[in-house]
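Colleague: This is what each chain is made of:
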Amino acid sequence: MIRQNKECVAMLLAGGQGSRLEVLTRKVAKPAVHFGGKYRIIDFTLSNCINSGIDTVGILTQYRPLELIKYVGSGRPWSLDRNHGGVHILPPYARANSSEWYKGTANAICQNIEFIDEFSPKYVLVLSGDHIYKMDYSRMIAAHEKNNADVTISVINVPRDEASRFGIVISDETGRITEFEEKPKNPKSTCASMGVYLFSWDTLRKALLADNANSASSNDFGHDVLPMLLNEGARMFTYEFEGYWKDVGTLDSLWDANMDLINPRVPMRLDDPDFRIFMKTSALPPQYISSDAVIADSFVSEGCEVYGNVDFTVLSTGCYIGKNAVVRDSVIMPDAVIEEGAVVQYAIVGEGVRVGKNAVVGSRPEDSPNRDDWGITVIGYDLKIGENAVVPCKKVIAEDVPGRSE
Amino acid sequence: MNDRMALIFANIDNSTMDLFTSARSLGALPFGCRYRLIDFSLSNLVNSGVEIIGVPVREKYQSLLDHIGIAREWDLDRRTGGFTFLPPFAFMNQSSPYDTKLKALIGSESYLVKNHAEYVFLCEPDVVTNLDLDALLRRHIEAGNDVTYLTVPQGSKGARGTYDTAFKADETGHVSAVFLQVFPGHLRRLRRPGF
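Residue numbers (the working numbering), protein chains in the order written: chain A, 1 to 406; chain B, 407 to 601.
Chain A with its partners taken away, still in its complex shape:
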């Protein structure tokens, strides 16, 4: 059989639980969480790959993979259904004499060396499945080649007061990396790693095997493999990314990133014909907006029926907003029903949730006596919030909330 080598294979880390998304990742892996009305988080990374000319993607799954596997399917929405290459789901597997889960990010790739070898790539791109951004990886590959690098780490400039939340990369004037700091108290730079790593395959292959043989290692890229390569004197460079990038690993950041999409001041465009974000669509009817509806500054997706008020909100596919209901500053996931007179504000409402008549979910920061006690409210999938129930701010709801009489 004639094998066609691939220049670059992407490995997408999608196996983590994403426990900081709490009720939203109880039953699904983080990359499968709904985002922006008609997307899932993984759509951005998969679309980046195909828009960058990378047609071979391994998706490493471990935690709750069913929904993700169903969603990715043959990879057709992203043109990743290929005879050679395309998208592959890579779960942990048993061997003749042993079997082990993916112990860390590096171990997950290490267990799939054979998969990557199939394509004899020059480069391997390691990606996270929980970031919202549009990036042409081919430019990063060009920079990697120009620098004659072994490793290139994509970085983004972050505000100095936020830098301590990130992995900080320190480099010289040529971009060559001299130091790493993982979540430093006093950051020496504002160059944050985006969790996008490009490796020359021979370098990575050797490093993974060495790391795997080291019993003291936690088999993680950030903690083990990258510091090891730096110590060994590998040529490691930064690639400065300019544009919108957001880690949606927490409930607050997930809500923020959704709000960013409808904020005209945020440079994240979903309507660029030359860089489309692809998604699997369900054939739902057109949205219906009744004469009673008042909608402003919002996304309203297909299959929605709106009779009430919607303001600065992302309405996902198939939602129903009843008459006199008020939904503002919120993210409503698919097939949710907000009944008549209900109020939902500063909230993430999970898929299939039903908010009963006149119930109140969340509150506005300006209405909170103490701003430190304020936060967004989150309702887990398929829950029922009873009539007239009140769900205060900063609550994460994992069970049905009974209704009450007026």
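Errors might be hidden in some of the hints.
[Stated by the list, open to error] To list a few chain B residues with every Cβ distance to chain A over 12 Å, as calculated: (1) R430; (2) W480; (3) G488; (4) F491; (5) P503; (6) A541; (7) T557; (8) K574; (9) G579.
[As the list claims (entries may be wrong)] For each label pair, taking beta carbons as the anchor points, the in silico distance ranges come out as: (10) A:E240 <-> B:D538: 58 to 64 Å; (11) A:A283 <-> B:V526: 46 to 52 Å; (12) B:V534 <-> A:R76: 24 to 30 Å; (13) B:A549 <-> A:Q4: 57 to 63 Å.
Source of the hints: derived by calculation from the structure; they are not laboratory data.
Quick caveat, the model's predicted, so the values are computed rather than measured.
Glycine included, C-beta positions come from ideal geometry on N, C-alpha and C.
With the hints as your guide, set chain B onto chain A.
Modeller: Okay, now just chain B, sitting in the frame of chain A:
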């Protein structure tokens, strides 16, 4: 199900629609925001278990090709059966492009023979409806019919559009006479020996 197949005649010429069909066949006409007219026939057929569907096309069918492609949205991208465009001159013994439905049917003979389904639905894309064609087929089989023609009662709302054929039938639906509309409002009884 392999006992049934269908043809949808995409190039129905309807002079009242000239403005919209100057650049595309009627089946490709956008309808209701997200749909094209042919979506209704295609979806009705697929929802009724028809998995072998051919569409004879004659001209202006590029937009139909763009819209349907390999018909994956209807789950009709199959190795056997599935969706097939039937352009003129696709088979032997076709000497001219289809200019009537009957010629299109004759031109599709090879396709029909190859798939040899027991029942064939002939559809037109100018009807917007949700229809259980499986129920229609079951009744066709139970009644032992040779041909079942889907109709709407005279004077009903659905009969308001243009139609070219009318039927006279008894209470069981057995047809005793067929009329052709020669020009609007004027029907001519179709006479055939023994009909």
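Colleague: Looking back at the hints listed earlier, which ones does the structure fail to meet?
Modeller: 2 and 11
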